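We have chain S; now place chains Z and E onto it with these hints.
Protein chains in written order, with the working numbering: chain S, 1 to 359; chain Z, 1 to 306; chain E, 1 to 512.
Warning: the hint list may mix true and false statements.
[Said to hold, decoys possible] Output of the computed footprint for chain S on chain E, the stretches with three or more beta carbons under 8 angstroms from beta carbons of chain S: (1) 330 to 336; (2) 350 to 359; (3) 376 to 386.
Hints are computed from structural coordinates only; laboratory data are not their basis. In this text, all values refer to a predicted model and were calculated from it rather than measured experimentally. Even glycine gets a Cβ: it sits at the ideal position worked out from N, Cα and C.
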Amino acid sequence: MRAPRRSSAGPLPAWAEVALLPLVNIALAFIVVGVIVAIIGVDPFHALRLLVVGALGSWESIGYTLYYATNFTFTGLAVAVAFHAGLFNIGGEGQAYLGGLGCGLAILALDRWLPAWLMVPIAIAAAALFGAAWAAVPAWLQAWRGSHIVITTIMFNFVASALMVYLMVNVLIAPGSMTPQSRGFAPSGELPAIAGLPLNLSLALALACCVAVWVFLWHTPWGYALRTMGHNPEAAVYAGTNLRRMTMLAMCFSGALAGFVGVNELMGVHHRIVLDFQAGYGFAGIAVALMGRNHPLGVLLAALLFGALQQGGAELAFEIPTITREMVVVIQGLIILFSGALAHLPRPWLQLLFARRAS
Amino acid sequence: MDEAFSFVFLMLASTLRVATPLVLCAMGGLFSEKGGIVDVGLEGKMLMAAFFAAATSAITGSAWAGVAAAVIAAEALALLHGLACVTYRGNQVVSGVAINILAAGLTVVLGTAWFARGGQTPPLVGDQRLMPIFLPEAGDNILVYVALLSVPFTWWIIARTRFGLRLRAVGEMPLAVDAAGLSVASLRYRAVLLCGLFAGLAGAYLSIGQNAGFSRDMTAGQGFIALAAIIFGKWRAWPAFGACLIFGLLDAVAIRLQGVRLPGLGEVPVQLIQAMPYLLTMFLLAGFIGRAVAPKAAGVPYEKEH
Amino acid sequence: MQALTPAPAAIELRGIDKSFGVVHAVRGVSLRIEPGTITGIVGENGAGKSTLMSILYGLYRADAGEIWIGGQPAEMASPRDAIGHGIGMVHQHFMLIDTFTVLENLVLGAEGGALLAGGLAAARAELARLARDYGLSVDPDARVADLSVGEQQRVEILKVLFRGARILILDEPSAVLTPQETDRLFDILRTLKARGVTIILITHKLREIVAATDRVYVMRQGKIVAERRTRDTGSEELAELMVGRKVRLDLEKVPVRQGEILLSTEHLSLVDDRGVRLLDDVGIELRAGEIVGIAGITGNGQSELLQVLSGIRAPSAGRLTVCGHTIDPGHPGNPAHMRELGLAHVPEDRLRQGLVAAFLASETSILGYQDGPPFTRNYLLDGPAVGAHCAELMERFDVRPRSPGLRSSHFSGGNQQKLVLAREIARLPRVLLVGQPTRGVDIGAIEFIHRELVKARDSGCAMLVVSVELDEILSLADRILVMFAGRIVGEVEPGRADERTLGLMMTGAAAA
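Bound conformation, chain S alone:
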């Protein structure tokens, strides 16, 4: 017998690993989207042109793109921080929801008495606090009771949803309102926005969060310990890190970041508490983090892409009635699939390519 020598072409060069492989993964996702668009009976290239123009064609559309990107940055960072700690937080949806509730409650309670310079920071802190608290329960269950955080965060998304519906329908609904929404915020509870656009000061908050996450993860001893836990929990214990406390810290940080979606949506746009303002952003955060390789800069770039898709998709749906906005959701799903679960799919092809070039 001669054992067949498996052509184990060497590892990919670093730049291919960091840049080329993710790009190939995204390209694969878009190829599949193109096929779906063609099945629907629309010319994919025409659709792509409309999408790009819709996302970037005017100052107005760029404003919308940045507004959407703000949300994606928050949830993407939330997933990334948890990932670095070796935790898979798919509860961004619920944490964003509760974050909105937090800032909304703070504003409803205080906006008549406090000036904006005091109200806004308090409301932002309340969003962070509520988001963190909603992540703290699954974190506690994992750290002390050993229940799996993936399952508990999923469950908590639904609990958050039920809680919000109850509160909006029975408690917070504005008197005389037919739809479940709270009374409007006083101006002190509103974030300054660009006239006529949803784009508001939250974008600055998102950028600040990117910097904060970067500094925290790579330039503080806590971030160092958090990453140690994510890569090698046993080494973290050896180094003297308390895994339970670190799990709590990572999840609370993650939940607070997700909670800021509420700031962008409620304080920036709706100016009242509404239902389902967070819909889809929490899950899309997984795609953003995967695409951005869990690095704040990557997350920011991925969030811009997703913001552009969201805005461009809306314009596309407006131009071509047979395509709905949900096409964007399809793209998100495919990106998660190709840059997450099937991330290694193109690796052998690339290895072969590089091996052939080398010889």
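The following block gives chains Z and E in isolation, referenced to the frame of chain S:
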């Protein structure tokens, strides 16, 4: 007396109606998880199946064609999950999430493109639906009985057959299965495909049995409730069935209790009852109600050489 | 007329070669195993024995080479092929499913039909027959998780026999057994041999080779370096062949100058969740300027001792005093606190504990010391200081390549170990715990590491060295403590120790 009887009967019937897709989904998920593949994509498979069932039935006029299409659609996603988790050893949770999002988007995109009704399929009538067999007021279509039979079937397969033994083994310790000369990949693919079959039937039940057509996001978290039922049943068929019935009953009660004041309690929020399956499962996972131990290798890709 | 050809070999390997990435694990191995014999394959940890057997069993595919079974070439693409050729393997880590019964484990992969009931009944009868024939009795309905390690191994052997294997491979079978269980195992192997089964025994324990085998192959660094008939050789020759150097390292050491007691334990015990006593009434004293060596067979509490002394696990009873600070069950320590007290710890398994493979070398060089100055100032990590620190460590300990920006996983085992050791010694700890100082490290690095450890001792460090390599303990230690079953069973001075007495003590057969 008669009234009490009819009340109990109606409650039972509505419990069973609500529980049917949960039971089917839970039995499917059980095969997958027993084989070591975590499936948070039950929801997406069921949704996709529901859409294709209604769409096919609306176009062909045959409910049976709808059922077949539902199973094919769910199996396609199941294969995708298998490809990602078994062949490419990707993260099983990520793959499941991707399938959920993909299904949520694709059903609406295709629905709008094909029927131009904002993501809904045309209302189904007559032979386009699965009709009750014995009791018209109970809605006992064929899939209700399939769901009831799926429980002993699942139990029997897992506990009493060669395939079941190997499935349990591959979910606990795939290396031992490999060392015994069996193919880990083939066993896991079979588990994933069985899961697709049941999720497909559950989806068909939703859109052409229980309801008369597909509407966007019509699964509304039932895939996750099925997942909760599996955990609640501690990865065993009969207890998982029991959990589905409890969750179904909760739902039936929630509809009954809407706006009703209970003596001493006041009005019980419907949302609280709806959140009960999740809350109960959280309590169980926290170890407050016994201990739920998942198959040891669930969620871990099998890698032989490293 | 043609001459009578000799009976074909049970197994013949020709030029087997296998690499994992950059690691060349098996290099052109050829060997021949006669039917009805017990053949030993010895070698140090990492010599390639297990990889070679995994190839024979179809778990790995060789990059090159041929396998012949009973005179016929054979393709071993998967364990199924190996089983088909009558080969069975008892792995070092048992391939048993904890939640299954013995019977269920037995039939897995050989169920004899689509329904279990018939197969299980047949297996029950077959099990009774095997128990009678080979004296291997075990309760068929017991859950594997509830069995002792020795019983679990018996189930593994039964699994192999149940499949009708005629060739049995045992990978380090005694690593997890008590001496009594090991003796029992060898009785079983002799019975099997008498009934014509061919047995391959992989081990790094020479006593077992001498006691049980007919023929022995010695492996070193992926190659077969010698073949002997067991009765023509002895432990000493085999030991030298195995390590490829004189067994005793000649280490220049000045006589010990003991100082004050820096670490001591009294009645220290550790009991795990299941009530197993891992440490039992351990009392040790460690003085400044001495190296105390802990000798023992793997799994007799050495790992747990290091964990408790370093603050990773809290003791269940007794107390531990480190540099004047007391730790007991009511006042558990933690590794960070222990470091503050001046205790450093080189962990037994550098990849699992001592470093983070994905981290840069510079990041690994501060693991455990990241809090506080000099690496953290004003709540921020000082990147340049960390890099400079790592570069300095690399220079002093000759870590190659000298690249603080390279990922830790890209260094060889020896250089990783030197980096971890450098990190722990650099702070001039008052107490240093070292687990397996040179596991998987090449010879040049071994001598370097030993000299550095002695240097630290000479400068007044109190040092505890745990090693499974007896010669390492003998050359490094000023005092030797022997551990068995979680207890310290004796103390020996290295000058008066020989391997035989130590060996007897390590198996609990004798006390000093």
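For this session: Count the residues of the stretch 330 to 336 of chain E whose CB lies closer than 8 angstroms to any CB of chain S, then report whether that count reaches three.
Result: With 3 residues close enough to chain S, the hint holds.
Exercise. Mind checking, does the stretch 376 to 386 of chain E have 3 or more residues with a CB under 8 angstroms from chain S?
Worked result: Per the Cβ count (5), the hint holds.
Exercise. Against chain S, does the stretch 350 to 359 of chain E show at least 3 residues with beta-carbon separation below 8 angstroms?
Worked result: As far as the stretch 350 to 359 of chain E goes, the hint holds, because 8 residues have Cβ atoms under 8 angstroms from chain S.
The structure fails none of the hints (numbered hints given earlier).
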